[in-house]
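Using the sequences plus the hints, can you model the full thing?
Here the protein sequences line up with chains A and B, keeping their order.
Take the first sequence: its position 229, counting from 1, is numbered 229 in the numbering used here, and each next residue is one higher.
Basically the numbering used here = 1-based index in the second sequence + 341.
Worth flagging that the hints you see were computed from the coordinates, not collected in a lab.
These numbers come from a predicted model, not from an experiment.
Glycine is no exception: its CB is placed at the ideal position from the N, C-alpha and C atoms.
The reader is advised that the hints may include incorrect statements.
Straight line, CA to CA, 30 Å or less: simulated DSBU-like cross-link-like pairs of lysine-lysine [unchecked claim]:
no., chain 1, residue 1, chain 2, residue 2
1, B, LYS582, A, LYS148
2, B, LYS583, B, LYS419
3, B, LYS343, B, LYS583
4, B, LYS343, A, LYS181
5, B, LYS582, B, LYS419
6, B, LYS343, B, LYS419
7, B, LYS583, A, LYS148
8, B, LYS343, A, LYS119
9, A, LYS148, B, LYS419
10, B, LYS582, B, LYS343
11, A, LYS148, A, LYS181
Every beta carbon over 12 Å from chain B, so not counted as near; a handful from chain A, in silico [stated by the list, open to error]:
no., residue
12, ALA85
13, LEU92
14, VAL138
15, ILE168
Reference listing, derived: stretches of chain B covered by chain A, where coverage requires no fewer than 3 residues with Cβ under 8 Å from a Cβ of chain A [as the list claims (entries may be wrong)]:
no., region
16, 354–368
17, 412–422
18, 490–498
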Amino acid sequence: MIETTAASMSEPPMIQIVDLVKRFGPFTAVDGVGFSVFRGEVLGFLGPNGAGKSTTMKMAAGFLTPTAGRVAIAGHDVEAAPLEAKRALGYLPEGAPAYGDMTTRSFLEFLGRVRQLDKATARRRFDQVVTEIALEGVLDQPIDTLSKGFKRRVGLAGAILHDPPCLILDEPTDGLDPNQKHEVRNLIRRMAPSKAIVVSTHILEEVEAVCSRAVIIDRGRVVADGTPQDLMAHSPFHNAVRLSLLNAVPDLASRLADVAGVARVFVPEGGRPGRDFLVLPRHAGATILEGVAMRLRQTGIAIETMTVDSGRLDDVFRNLTTSDAARETRAPQNRTAETRP
Amino acid sequence: MKSTLTIARRELAGYFATPLAYVFIIVYLFLTGIFTFYVGNFFARGEADLVPFFTFHPWLYLFLIPAIAMRLWAEERKAGTIELLLTLPVPLWAAILGKFLAAWAFTAIALVLTAPMWITVNYLGAPDNGVILAGYIGSFLMAGAYLAVGSCVSAMTRNQVVAFVLTVVVLFLFTASGAPMVLDAFSGWAPQAIVDTVASFSFLTHFDGLVTGVIEVKDIVFFASLIVAALAANAIVIDMKKAS
Chain A
1 MIETTAASMS EPPMIQIVDL VKRFGPFTAV DGVGFSVFRG EVLGFLGPNG AGKSTTMKMA
61 AGFLTPTAGR VAIAGHDVEA APLEAKRALG YLPEGAPAYG DMTTRSFLEF LGRVRQLDKA
121 TARRRFDQVV TEIALEGVLD QPIDTLSKGF KRRVGLAGAI LHDPPCLILD EPTDGLDPNQ
181 KHEVRNLIRR MAPSKAIVVS THILEEVEAV CSRAVIIDRG RVVADGTPQD LMAHSPFHNA
241 VRLSLLNAVP DLASRLADVA GVARVFVPEG GRPGRDFLVL PRHAGATILE GVAMRLRQTG
301 IAIETMTVDS GRLDDVFRNL TTSDAARETR APQNRTAETR P
Chain B
342 MKSTLTIARR ELAGYFATPL AYVFIIVYLF LTGIFTFYVG NFFARGEADL VPFFTFHPWL
402 YLFLIPAIAM RLWAEERKAG TIELLLTLPV PLWAAILGKF LAAWAFTAIA LVLTAPMWIT
462 VNYLGAPDNG VILAGYIGSF LMAGAYLAVG SCVSAMTRNQ VVAFVLTVVV LFLFTASGAP
522 MVLDAFSGWA PQAIVDTVAS FSFLTHFDGL VTGVIEVKDI VFFASLIVAA LAANAIVIDM
582 KKAS
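Below you can see the structure in the form of structure tokens.
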């Protein structure tokens, strides 16, 4: 994050999306989405199915024309200077489409030629990408005959072949097995320092694993924008204290009731009654660890383990994308948060 | 221009990656043979020319060309590769032209494979090879015009069957607009100028001249401008779909 802020001070955003709106007839799919991505950032783009993630990305890549708003890729307006913008962008469309009758090799060579890489660069990048994404085994197989995971990786290889400064990847790990997911996340992490990357996903652990920032959209609007840690701070479990006691203390709840900031003490799902407890803070994020620890020491309760919960992204996600109240109160808040320089 | 050729090469290879290319060529050669020798009475006419061969091309193309053109954009839409193609740093016209040129090159290959017909007529008699060349040029140009219309229609849908049927209908109107049954529908009430205009849109009118060896500028201009207009309409269709 420190690098990110440093970059944002000195450089203009590599991907800039401003008040993007897309209407399909009477239906508004994207309703004023805006965010900027700087070099060195990996932005996780989240939202429930149908929230407008793919539509936003299609507009950013220049495949759909926005009803209103604008997108700039590496400083080039996608509508006014489409070729320059597209040259600076690597885009993996939803479902990773590729020409099924071509082999992996001929597909990547085709992309290299269309993108007018010179022979030496094309050769070098081809070898690099094939090694990086482990496509050696399927180079001469028609793409139609490949497994879902390999198809996705061929698509990804095509998106990064020209080593673009900006990447927009629509669900790059969908359909991959856990090992392949891990590989792709490592790849994204390796590329991150030199690029601005947007990754859409609905796997929340992925956001924690690779993203330096997360934007959550719901019904076409941004409902949250911040680091994964920021978002997790909104979780009711943020800074909750998880306790395991050596000996059963059934009345722990009453003993901790008057500790400053403690809202509730209960046995978590699957916990042993009387021994495992979850202590929730009254205000999301309030620090209660110290008070709880002191009280336990004072009353002579022996502790087996004691950890502070950092919160769960999926709770935050559910809160933000399902309750109408959250949508009403959060959206304007984030409007102001978005308007960073 | 370079990217146009790259796209054209990929597209042409795509034809031969499926049985479509081979099926098409076999059916095409088979049908031209039947029309020339049986329906066209090639031998009974006792004349050393390829008029019976070329005469049926407009009607043959009416069904065969839509079969080549239907996949051009409908398949890209269906497979989602249109999203890949249109987000490459290639101008839209270059992508359209590349795909069109590939389809046109494919019909050229089919046309070249009818060379045995030309060899036969030269073996049997002494035809005017200039007239035959004019016929080939006319047939090739007409195929281009049919293809451009088919490409445009193909961009409207993701369903190849719909693309095929619509293209046949549109091409039928173009082909038959010089036929009496269409002109009669106009001549009753419309001024002669309109009837002439309708007739002038017919592929038949413009093709007949070329088959008899008369290469007239207006016929070439007709086919060329039809190709340009249909491909421009193709671009508009794709742009409209982007914005809708």
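These are the hints, each one checked on the structure:
Simply put, B/LYS582 and A/LYS148 have alpha-carbon atoms about 28 Å apart, close enough for the 30 Å limit, and the pair holds. Restraint check for B/LYS583 and B/LYS419: the C-alpha separation of about 15 Å stays at or below 30 Å, so the hint holds. Using a Cα cut-off of 30 Å, the hinted pair B/LYS343 and B/LYS583 holds, with the two alpha carbons roughly 25 Å apart. Of the supplied pair hints, the one linking B/LYS343 and A/LYS181 is violated, its CA atoms being roughly 37 Å apart against a limit of 30 Å.
Only pairs whose Cα atoms come within 30 Å are accepted, and B/LYS582 paired with B/LYS419 is accepted, the gap being roughly 14 Å. Distance check on the hinted pair: B/LYS343 and B/LYS419 sit about 26 Å apart at the alpha-carbon level, within 30 Å; holds. Under the criterion of a C-alpha separation no larger than 30 Å, the hint pairing B/LYS583 with A/LYS148 is consistent with the structure, at around 28 Å. This hinted pair checks out: B/LYS343 and A/LYS119 have alpha carbons roughly 14 Å apart, not beyond 30 Å.
Annotation: proposed proximity of A/LYS148 to B/LYS419 holds, straight-line Cα distance about 18 Å (limit 30 Å). For the hint pairing B/LYS582 with B/LYS343, the CA-to-CA distance comes to about 26 Å; that is within 30 Å, so the pair holds. Between A/LYS148 and A/LYS181, the direct Cα distance comes to roughly 13 Å. Compliance with the 30 Å bound is thereby established for this hinted pair. Under the 12 Å C-beta cut-off, the non-interface status given to A/ALA85 relative to chain B is violated; the minimum distance is some 8 Å.
Once the 12 Å rule is applied to beta carbons, A/LEU92 is inconsistent with being away from chain B; the minimum gap is 9 Å. With a least CB separation of 17 Å from chain B, A/VAL138 remains clear of the 12 Å interface cut-off, as annotated. Distance check for A/ILE168 against chain B: the nearest CB is about 9 Å away, which does not clear 12 Å, and the non-interface claim fails. Beta-carbon proximity to chain A at under 8 Å applies to 4 residues in the region 354–368 of chain B; the threshold of 3 is reached and the given coverage holds.
Given as covered by chain A, the region 412–422 of chain B passes the check, having 3 residues with a CB less than 8 Å from a CB of that chain where 3 are the minimum. For the region 490–498 of chain B, the proposed coverage by chain A is not satisfied: 0 residues have a C-beta within less than 8 Å of a C-beta in that chain, short of the threshold of three.
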